[in-house]
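There are 2 protein chains.
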Amino acid sequence: MAWFEQEVDHFGWEPVNGSTTWEHRYFLCEPKDTKKPANGAPRPIFFYCGNEANVELYVNNTGLMWENAGDMGALMVFAEHRYYGESWPFGTEEASSKREHLRFLTHEQALADYAHLISYLKDRLSLKDSPVVAFGGSYGGMLAAWFRQKYPHIVAGAIAASAPLLAFGAWDDEAYWAAVTRDFTPAGGCSASCVGTIRSAWTPLFSRGSTPAGRAELSRVFGLCSPLNTATDVDHLAQMIAMALDTLAMGNFPYPSTYLSDPGAPLPAWPVREVCSRMDAASATDELSLLAALRDGSAVLLNASKTLQCLEIPKDQSYAGIWDYQWCTQALPQESYFGRTGDKDMFYPFRKSKGDVDKHCLHKYGVVPSRSWIEESYGGVDGLLQSSNIVLSNGGMDPWSSGGVNATLSETVVSLWVPEGAHHLDLFFSREEDPPSVREVRKAEVEAIRQWVGQATGG
Amino acid sequence: MAWFEQEVDHFGWEPVNGSTTWEHRYFLCEPKDTKKPANGAPRPIFFYCGNEANVELYVNNTGLMWENAGDMGALMVFAEHRYYGESWPFGTEEASSKREHLRFLTHEQALADYAHLISYLKDRLSLKDSPVVAFGGSYGGMLAAWFRQKYPHIVAGAIAASAPLLAFGAWDDEAYWAAVTRDFTPAGGCSASCVGTIRSAWTPLFSRGSTPAGRAELSRVFGLCSPLNTATDVDHLAQMIAMALDTLAMGNFPYPSTYLSDPGAPLPAWPVREVCSRMDAASATDELSLLAALRDGSAVLLNASKTLQCLEIPKDQSYAGIWDYQWCTQALPQESYFGRTGDKDMFYPFRKSKGDVDKHCLHKYGVVPSRSWIEESYGGVDGLLQSSNIVLSNGGMDPWSSGGVNATLSETVVSLWVPEGAHHLDLFFSREEDPPSVREVRKAEVEAIRQWVGQATGG
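Each protein sequence line maps, in turn, to chains A and B.
Be aware that the first sequence starts at 1036, since it is given in our numbering, and climbs by one per residue.
Be aware that the second sequence starts at 1036, since it is given in our numbering, and climbs by one per residue.
Next up, chain A with everything else stripped away, as it sits in the complex (with noise of 0.2 Å):
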C-alpha cells in the first residue's frame, strides 16, 4: 500500500481550501515468482483503474492480473479511485462528501489521476519504457477502455471487463432488466417456470400495499423491521427486492461468493438458481404461498447470512451511496433508475422521467445530470473504431452486458463473450468450477496482452 501527492484539480487553478493535493492511495504489488521479461525487455506495467469502491477488493479479487503477472515479469498496480475507499481529496470522506467538494468527483479526474500516478511511478522506478496494460471491471473497465482512448501514449492496451460503454443517451435502459430476467430463465439454468412466478407475485404484492390491512400483512409476510406506513413505502419494498434480484444476477457465479455480499455471508454457487428454486416452490394460485416464494427468493441475498431477525428497507433508494453523484452529474450509468415494462421483464412496470431525476439530484446535490457529454467526448462505437489495443468483454448472465459492446469492432478493438458468465467472471481468479467459455475468453486476453506488450517494447 502506498500514498502519492495527488492534484485535487487536473483542468482548474483554483486553489482549494490552501492545498491543491491530496493523497492518493494505490497498491503496488507483484507476485512471489515474478520473472524477469527475456532479453532485457523492460517489464510491463498492470495497472487495475479502480472504480466505486475500496481498491482493496480488486486487489483481491482481480485474478487475471495475479495469474499473469509473474510469467510476464510485470509490476501490479492497483490505483483507488478519488472518493472512494481511503482517497479523499479533502482528506476525510466527511470533508469530501460536502456538496461544495464534490464536484471534483468525475471520471476526467480519475483518468488524470491515474495519468498522473502513472508518469510518477515510471519515473520513481525507473520503468520509462514499460508498457502500461489498463484492466478493469464494470466502471472500472469503462475506464481502461476511456483511458485507452484519451491516453494512448500512456496505456498500450486495455482489458475492459463487463464494461457498460454503451449505456448512454439512446440506450434503452429496459434492455438492462430484461436481461436481469435472462438470468432466472432455463438459459441460466432454472425452471421455465421462474420468470413466470416472480412476474406473478408483483399483483398481491401492490394489490396489499394500496390498503392498511395489506400493507400489515406485506410487513409481518416479509418479516420487516418497520412496518409498511404507505404505499411509497410498498414501491420501496418491492425496489429492494428488485435491486436484490438483479444483484445476485450481477453476481450469478458457478461458485459461491462473497464479491457481492457481505464478507461473512457468501452467495451460494449459481445464486439464481437458488432463487427459483425457492420460487418453484410457490403454488402460483395462493397469494401469500406467491409472497412469501419472493421473500425467500430474494432472501438468497438479502438475508445471505440467515441471521437476520427482521428485514430493513435502505434508506438510500439511490441504492449507489456516492455513485449517485456520479449518475447525477454525468449520468454514468444506475440501474435503480433504469425503467421496468414488466412485459419484457420479470418485473412490474416502473419509469423514472428525467424530471424525476432532474429534481431528485438538484435537490440531493444541487446539480443535474450533462446526459450528452460522455458520447461527445467518447463517441461510443464511433470513438472504439478510432481506437486500438481494447478487450471488450461481456458475459450471458450479466445484465450489464445490455450496455456492452458484443460486437468485435476492428483487428484489435475486440468483443469476448461468456455465456456463462455474469458481471466480469473473466477477471476473477481461476476455479474448477469455470466453465470453458471464461477460461478460453481469458487465454485470448493473456494472447492480447502480450500482443501490445510486445508492439510497444519492439517485440
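These are computed hints drawn from the structure, not numbers from a lab.
The reader is advised that the hints may include incorrect statements.
Stated by the list, open to error - Result set (PhoX-like, lysine-lysine): computed pairs, CA atoms no more than 25 Å apart in a straight line:
| no. | chain 1 | residue 1 | chain 2 | residue 2 |
| --- | --- | --- | --- | --- |
| 1 | A | K1133 | A | K1379 |
| 2 | B | K1070 | B | K1157 |
| 3 | A | K1157 | B | K1389 |
| 4 | A | K1389 | B | K1157 |
| 5 | A | K1133 | A | K1071 |
| 6 | B | K1387 | B | K1350 |
Mind docking chain B on chain A? Use the hints.
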C-alpha cells in the same frame, strides 16, 4: 456570425453564479461558389479552432479554408476561443476576467466547447455524417492536433500550422530566440553583418542604463514618452525591443501584412530585411549610431504607422494579456519568458527562473503553473505516434518552428516544411509573392484533407 449556448464547465457540476451556460460566438461561412460534393456524399465541415484572439482575425485570414471549401463543398465554422473576442463565459470581459472566474480558461474547456458545438451544429444542420477537418495556426494549431488526438470520432483530421506542440517540459526554450535570430541572417535574406550589429548594440544600451545620465540619454535616443528612471525601466526597454524583433520574425511574410501589426499600419514585405537594412546603416564602432539603428530597426514594428510622437513602454511585461493566465496555469508557451543567452542568439543574457515565474503567477492570479500536465496528457511525440491524420507544418522563418514537430512521424502524421515561411504562412490567402515552397505545402495539405474526407465518407 452566430451564438451557441455553451457550458461554462464541461468537467465539473458546481452551479456557477446561477447560470451554467454562456453565449459562445462562432462564424458559419461558405464561399459563394460552393459546389455540392459528388455522388451525394455528405459535405465536409472545415472547422477553425479559434485561438487567443478575436476570431474575426482567423475568419479574415485563413485563406486555406476559404480557397478550398468551395471545391469540396465544405461548410466553414470559425469558433472563437472562450475568454477572447466576444466569447465571455461570464457575460462580459470584465466579469470573466475576475480572478475567481478565470479558472474555466483552459484549453481542455476550449476543446470541449468545440466538441459540443460541432455535435450541436451537426444535429441542427442535419450534417450527422459530415466529416470534420480541424484547422488552426499557432496555439490554434496545437488545439487542432490535440482535438484530433482526443476526439478522433469528431475530427477526421487536423491541419496544425506552426504549432509549438513540443514547447513543454524539458524543451530548450533558448532555441526560440536562436530561431528569431536566424531571420536576421543571410538565410532570411539579410546581410551577414546584421546579427552582429544587433548583438553589439546591447552593451551600450545596458552600460548607459546603469547611470542616471545614461538613462536620460537612452530616453532621448529612443524618443520615449516617459524617461527611464531605473535599471528595471532599462530592462523593460530592452525587452520591448526584443519582443518587437520577435514579432517581426513571426511576421516575416513576403508581402505587406497587418496580421501582426495595427490594422492601419501594415508591416512591409519581408519586414526583417527592412530592420536589417536599417541596422546596416549603423557604424559598428559608434555606440550612439548603434543605438539609433536599434531604435530605427525596431521601429519597423513599434512605429509601423510612422506617426508616433513618442514611444511608450508597455505596462504588461508579459506581452500576453489574458494569455498570461494560460502560461501561468498550463504553461502554454509564451516567449516573453523564454531564456536568451546573447550567444546562441543576437540578444543579451535573459533568464526567468521557475521561482520568478511562480512568484509572478501567484501574485497576479494566485496560481502556479503545472509544468508536466500537457506532456502527460498529450504525450508529445509519443502521443502523436498513436494518432493519425495530422499535418504539422512549420516555417523556416518562424521562431515557433523551434517548438514544432519537424519530422514526419508516420504515414499519416506528417511534417511539412516551408523554408521561407514565417508564422503559419500556409494558412493565409494565396498571393503572387508566395514562395513556391508554400504553394507546394498548401497542395499537400489539400491532398491530405481530401484523403481524410474520402476515408471518412467511405470514398
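Do the hints match the structure? See the list:
1. A/K1133 with A/K1379: With Cα atoms ~40 Å apart, A/K1133 and A/K1379 exceed 25 Å; violated.
2. B/K1070 with B/K1157: holds (19 Å)
3. A/K1157 with B/K1389: holds (24 Å)
4. A/K1389 with B/K1157: Distance of about 24 Å is within 25 Å: holds.
5. A/K1133 with A/K1071: Not satisfied, since the Cα-Cα distance of roughly 46 Å exceeds 25 Å.
6. B/K1387 with B/K1350: holds (18 Å)
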